[in-house]
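Asker: Top to bottom, those sequences are chains B and H.
Under this note's numbering, the first residue of the first sequence is numbered 91, with each subsequent residue one higher.
Under this note's numbering, the first residue of the second sequence is numbered 7, with each subsequent residue one higher.
Hint data in this document are derived by calculation from the structure and do not stem from the laboratory.
Note that beta-carbon positions come from the ideal geometry of N, C-alpha and C, so glycine has one too.
Any given hint might turn out to be false.
[Said to hold, decoys possible] Ranges of calculated distance between the beta carbons of each label pair, as one might list FRET restraints:
1) B:Asn92 / H:Cys243: 31 to 41 Å
2) H:Ser337 / B:Ile309: 38 to 48 Å
3) B:Asn92 / H:Ser337: 36 to 46 Å
4) H:Lys36 / B:Leu118: 46 to 56 Å
5) H:Val346 / B:Trp269: 51 to 61 Å
6) B:Ser103 / H:Val262: 23 to 33 Å
7) H:Lys267 / B:Asn173: 13 to 23 Å
8) B:Trp269 / H:Gly289: 24 to 34 Å
9) B:Asn173 / H:Glu83: 19 to 29 Å
10) H:Lys267 / B:Asp153: 27 to 37 Å
11) B:Leu118 / H:Asp141: 48 to 58 Å
12) H:Arg209 / B:Ile362: 41 to 51 Å
13) H:Arg212 / B:Asn164: 42 to 52 Å
[What the hints assert, rightly or not] Coverage of chain H stretches by chain B, computed from C-beta distances (three or more under 8 Å per stretch; other residues unrestricted):
14) 107-117
15) 248-262
16) 283-295
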Amino acid sequence: MNPYIPVKARVVSVRTETTDVKTFRFKLIEGRLKFEAGQFVEVSVFGVGEAPISISSDPDIDDYFELSVRRVGNVTGSLFKLNEGAIVGIRGPYGRGWPIRESEGMDVLVVGGGCGAAPLRPAILKLLRNRNRYGRLEILYGARTPYDIMYRGEFEKVAEGNDCRVLLTVDTIPPNSEWRYSVGVVTRLFDKISVDPRRSVAFICGPEVMMMYAVRDLIRLGFKPENIYLSMERRMRCGLGFCGHCQIGRKYVCLDGPVFSYSEIAPMPDKIV
Amino acid sequence: MDAFIADLDDLGKLIKIGRCKYNVYAPIRKGGSYVFSKVEDIHNIDLRYNRTILPPTKLFHRPRETLLRFKLNDGFEFDEVLEVESMMIFGVHACDLNAILRLDRFFTRRFEDPYYLARRRNSVVVALNCNGPRDEYCFCASLGTGPTIDEGYDILLTEVEGGRFLVEVGSKIGFDLISEAGFMRASSNYIEAKRTMASTARRGFRRYADFRGLSYPVIEVLAHSVWDEEAGRCLSCGNCSLVCPTCYCYEISDVVDMDLKNGFRVRRLDSCQLYGYAEVALGGNFRRSRKARLRHWMVCKFGGAAGGELSSCVGCGRCIFYCPAKIDITSISSRLREAV
Chain B
91 MNPYIPVKAR VVSVRTETTD VKTFRFKLIE GRLKFEAGQF VEVSVFGVGE APISISSDPD
151 IDDYFELSVR RVGNVTGSLF KLNEGAIVGI RGPYGRGWPI RESEGMDVLV VGGGCGAAPL
211 RPAILKLLRN RNRYGRLEIL YGARTPYDIM YRGEFEKVAE GNDCRVLLTV DTIPPNSEWR
271 YSVGVVTRLF DKISVDPRRS VAFICGPEVM MMYAVRDLIR LGFKPENIYL SMERRMRCGL
331 GFCGHCQIGR KYVCLDGPVF SYSEIAPMPD KIV
Chain H
7 MDAFIADLDD LGKLIKIGRC KYNVYAPIRK GGSYVFSKVE DIHNIDLRYN RTILPPTKLF
67 HRPRETLLRF KLNDGFEFDE VLEVESMMIF GVHACDLNAI LRLDRFFTRR FEDPYYLARR
127 RNSVVVALNC NGPRDEYCFC ASLGTGPTID EGYDILLTEV EGGRFLVEVG SKIGFDLISE
187 AGFMRASSNY IEAKRTMAST ARRGFRRYAD FRGLSYPVIE VLAHSVWDEE AGRCLSCGNC
247 SLVCPTCYCY EISDVVDMDL KNGFRVRRLD SCQLYGYAEV ALGGNFRRSR KARLRHWMVC
307 KFGGAAGGEL SSCVGCGRCI FYCPAKIDIT SISSRLREAV
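Next up, chain B with everything else stripped away, as it sits in the complex (with noise of 0.2 Å):
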């Protein structure tokens, strides 16, 4: 088994989520794609190249699975080009992803920013799907206007619940928009958070300064480093642990993440967080 050669994917739909992010439903032309909350692939479009997104799916569903990718480069900019029916190749799913199993009977707060919502669907719709097994459940979501808010719709509609807290926040309302919701970076919306510190684990995905914020003051409210994780961005370009582009410390980002507690990542160098 080569495990650079991919396999290939049929795009099924498409969903334009904000001004640069779409999602992207694929099937497998053959097989299924088994992954875990937190796990990405390897994504070819053919004479442009390949790159690593996170899968943005419920990981119960096997049937298909979902890319959200923001326009960044030249292959997600090719792939924005994609229609239904289009085929990518696929290699993985590959990494290590959030701690669910791990996080029974703990609290859970949920922190975003940006694109970093796409990381974090998987392990929010499984908390969902296992919701009582969790005690209190918090998700705080920020971008850096309205019209960035990915998975709006979803959001909202879990806020209508009684399972779980949702708080959206955004950096500046564009004049002659609405918005009924925070503004500010996401971690103001601290201040509000009803889960307890102590036996509270963190999943946190956003840009990396964010994530810097976001931990030091998660482990100023008394947040063990040890349950405060993080999913990490790095060009991973193989996914093998063999290009060696992903490394942080002694770390490979693809083989030993992209979810980090915070313990594990703080005595790495070349980070922000």
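Place chain H on chain B using the hints.
Answerer: Showing chain H alone in chain B's frame:
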């Protein structure tokens, strides 16, 4: 232990036998340096070589290679491209053989790299013990990666007298080759001579390195002022990682033919010393400074990066010799050792 004795003519015979089944690579003088290159004329082989420019690991882990081929028609098709080559690599020093053994383990961890293995598993290594440092750049003795080696070879040569080699066998393939060559069994005094040589070969090294305490990212190492000083001289040329026998990092990219219908996915050696190495989306870069890049590389060679011991230094001396700024891992590590 099977041990034989051979002179240079006998080794020539071994190479001839090897050439029936393998492409034989050996150290050959080119310009002022040596390279492992395919042997056309055995008289060009120089077993007194100091070191080759590129290490033999790069014969298995190619600086550039095609991973797969694709067609960009409706939907696209793709095929694996696996360049198998059976090689006899002749005259590999202990440091370089240790590097090969590390990459063997590295490329078979969680996943297996079929490209590396397609060549490695079809090749034989004829190692060559050194009787001391080959020049002032060698420091394998202090790292325990040379100048002699006891494992991992198919055939091991030790020059016990001028032009006369003790030939030890380390594998079935090695044994078959030697049997075919019909070498004489070595008498016990040759075996004794090799033991004496191996025990004295460690003397005479003038360059030392000690990486103990430097392989974990401790603040004393990471925050040391030596990085600022050395990074001021570093040109970020990437020479050190290009010539390093345990550097394996690579970049993958797609190359499309002029007809825009066919293409290849290739990988090329990359270097953590180059700016783009730690780049992420939207121009983010976690090692923007030369200092961070130099430190990453060197700590990697101390065994403190994600490859751990498997990407660590074997003391071949190449990075020091080929560094245009004369940045020296042995002097940096000794300064760091004072701090830990």
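Asker: Kindly indicate which numbered hints from before are broken by the structure, ordering the numbers from low to high.
Answerer: Structure breaks no hint.
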